[in-house]
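Asks: Please build the complex by placing chain B on the supplied structure of chain A, with the hints as guidance.
Number of protein chains: 2
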Amino acid sequence: MLTERAIVGLQELTARDRVLTAREDLLTYAGDATPLLGARPAAVVVPRDAGEVAGIVRLANEEGFSVVPRGAGTGLSGGAVPSADAVVLLFPTWNRILEIDEPNRCAWVEPGVVTADLHQAVEELGLFYAPDPGSMKVCTIGGNVAENAGGLRGLKYGVTKDWIRGLEVVLPTGELVQLGGKALKDVAGYDLVSLMVGSEGTLGVFTRVLVRLIPKPPTTRTILATFATVEAAGAAVAAIAASKILPSTLEILDRTTLRAVESFAGVGLDDEVEAMLLIEVDGRAEAVDDDAHSITGTCRAERATTVRHAASPDHADELRTARRAAFTALARLRPTAILEDATVPPSAVPELLGRIRAIAERHDVTIGVFGHAGDGNLHPTCLIDGRDAAEVARAEAAFEDIFSATITLGGTITGEHGVGLAKKRFLPRQLGQPGVRFLRQIKAALDPNHVLNPGKIFDPAPRCEGPPLGHPRFVDAT
Amino acid sequence: MLTERAIVGLQELTARDRVLTAREDLLTYAGDATPLLGARPAAVVVPRDAGEVAGIVRLANEEGFSVVPRGAGTGLSGGAVPSADAVVLLFPTWNRILEIDEPNRCAWVEPGVVTADLHQAVEELGLFYAPDPGSMKVCTIGGNVAENAGGLRGLKYGVTKDWIRGLEVVLPTGELVQLGGKALKDVAGYDLVSLMVGSEGTLGVFTRVLVRLIPKPPTTRTILATFATVEAAGAAVAAIAASKILPSTLEILDRTTLRAVESFAGVGLDDEVEAMLLIEVDGRAEAVDDDAHSITGTCRAERATTVRHAASPDHADELRTARRAAFTALARLRPTAILEDATVPPSAVPELLGRIRAIAERHDVTIGVFGHAGDGNLHPTCLIDGRDAAEVARAEAAFEDIFSATITLGGTITGEHGVGLAKKRFLPRQLGQPGVRFLRQIKAALDPNHVLNPGKIFDPAPRCEGPPLGHPRFVDAT
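From first to last, the protein sequence lines are chains A and B.
The first sequence begins at 35 in the working numbering and counts up one residue at a time.
The second sequence begins at 35 in the working numbering and counts up one residue at a time.
Heads up, some of the hints might be wrong.
Where chains are identical, the list cannot tell them apart; a pair therefore holds if satisfied intra-copy or between any two copies.
Said to hold, decoys possible - DSSO-like, lysine-lysine: derived pairs with alpha carbons at most 27 Å apart: (1) LYS250 x LYS190; (2) LYS278 x LYS250; (3) LYS171 x LYS190; (4) LYS250 x LYS171; (5) LYS190 x LYS278.
What the hints contain is simulated information worked out from the structure, not anything from laboratory work.
Isolated chain A, as found in the complex:
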């Protein structure tokens, strides 16, 4: 609970006008981009620097409130959804790129830097930061690190964790430490940087981030292939994944998604086909031409109905932007769109595509499928009306079946969105009780008072005293 004394303490730590408690402020930060989840926090604080963040976390330990760091609120698993006793931390002005170190190919940035702004800044110097989440024009590096965000270029370049060399972090005790650094290799102690990346705000608050950079790939080729069945598209994905070529991007859009995207963006996609692949290869000009040629052959061998190359960089950009609009486009079709990120080994993509279709039919729900097929990371998106309890129940039953399928196929309940609140009940099925206990032990050791974003990923303890942390399934709109 946030006491009056704690509020005064927060005001003294930062400034009176940086501690927001008005109802409209609290409602604004009650949820993130996850549908059907939300709760008004007790206060919203806008700290100025790492010292203030550290002070707030120490005060939280003393006064018994919890702290939820928040990026741009684009998360899809409820990681930034507060509990009622929580103080939400905002970082709107923490958007400076502090240093781009060209010789050592890295950059220190503040956590509030928008991901696409970082791309632009480093690309002007011929450098490259690969992670490109769908929301990259809005989302911030701090949130990307907290959720270990993926993106369209993950197949070749990996996810956020592969691009973070160091962090300045406020620990759950309120201590400020630097983890990692500019050395390319460092085995001095456990890999705390990797432990922090993807910790969903539960182990530390990031106040600076050191990202890795590489030389920008000089050329990109973009290929569109269409298929008469989703299974044929899935087979092409598996064939490309098993070839000796590593595309930078290998995305799938099914007919539901294609129609939504074309109606939204109007870029001339053929929405009469059952599935489309958007494939990109990058690198040197000669090599990417060879690769594009070879991928064209693979798609044709897997019965693609058409294979086209983007006519120009602008055209390629238009196609990429259309793909990025998939969720937005689908979300226009019904009042509520629940986006998931079921992920399997790449060879199991055709099987998962078939199962998702059967599951949608069985539960009588519309599921559009798109996503990073080359990674085995699909985004089945269920289109419902969140006010219709029966339809919500059918959607939840469908996702139950989808996650059972991903686990059975050797995959994971979440490839890039995190567990947050939305998927914590599925976690024991994937990790088993010893695995979840292991996570809990780490959390309890590092954050004994459960100050940082408690109740995310897993509940504090199965036998904890007192009532479980309440997270209403619907936004409190009163």
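Replies: Below, chain B without anything else, positioned relative to chain A:
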């Protein structure tokens, strides 16, 4: 302490002839490749399967002995050096490659597989496992994972942690769990795979390892460049690192090392120069030719005295093997060779090279320098007589100064060898007390009885009751 009852318990868990307690067996496993460190364990056990490992770890919790998993004993920080109450676990027959999954580009292997054997097995299928520690013909995957081993190809391909997708692990509680898996992306909970990699046997015993594979690069070019000063070679390293080319290998050998290697291997190296760079680029033929040409130009611009390309793949292999023999060659010169792995951001390599030379002069010790200069990871190797206490003290003082230099230059006390016993007293200087406490908290939470390899990386606790764990600085040769 290992009681008679515990020994009987071990025999019951596995088999009588798999529990070794004879003095000669214990002496064999008293140390690893780290000079001046060693202690006879209480017993050596050779488990047959993961179930037996789990049973041993549970028994250790019940009976109060510690467990030290051991790979091939090539470690250079004392990570496998037991304490006197310890049971050392050996995995000599755990050397099967269980599955190579070509479509999903990964392989499950047992921890006792020799690294070079894995290279060979996957390369026959056109696939590639990059980590190639200097000892790759002897060392094993389990040890590589425990120490997060590096190698010559780290500059382009990263270190062991970048190649591990999953682990089957016996936790400190004796539970057997699988972490990670064949999915390329997985954010279901904290990144426990990364926490385990580099944990030096203190958080789990690996019973199976899932490694990532990529298509084998089709071509490699090998370049040798010589320099009239070490500083010029360092400047060439920094210039290449800052260019838009990423060599797979960028190694330096100073004159002391060159002379030792040439005398040992006789491959025609010019040992009259002050420094040599061994540079490799790999990829497609056209691209590597371009890169080799460009690197040749960079070396000439940085005043290389000669730049030559390896005449054939066999010649390249000979040069690589000579480089791998650097430590062995240096170790022949004096009774004791202490190899370290000071690591700095790549741009600081010229500065570190100069400082190491000055430090060697100041402390009147011979230090040969070689290593992965492109990574900023140097192996200053101090050649002494370990029986000469005064010389040992001078060497230790020199390393003190070297580690102070690496930390000052934004680097680390260990790039790829681990902290083990040899460097734990330097760790607080790099991480600070809050950082070390964070590590300790993780260890204490996951291994409350300090059963797994205790006393490595850090001491259990600064205020722990009872005497500190004794690790004699010299092997007990009685």
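Asks: Now look at each hint and say whether the structure bears it out.
Replies: Structure-based check of all given hints:
1. For the homomeric pair LYS250 and LYS190, the shortest alpha-carbon distances inside one copy (13 Å) and between copies (15 Å) are both at most 27 Å.
2. Taking the closest pair of Cα atoms, LYS278 and LYS250 come within 27 Å of each other both inside a single copy (22 Å) and across two copies (8 Å).
3. In this assembly of identical chains, LYS171 and LYS190 lie within 27 Å of each other by CA distance solely inside one copy; the values are 21 Å within and 29 Å between copies.
4. For the identical chains of this complex, LYS250 and LYS171 are intra-copy neighbours only, at 19 Å inside a copy versus 36 Å across copies, given an alpha-carbon limit of 27 Å.
5. Within a single copy, LYS190 and LYS278 get their C-alpha atoms as close as 12 Å, and across copies as close as 18 Å, so both meet the 27 Å cut-off.
The earlier numbered hints are all upheld by this structure, with none contradicted.
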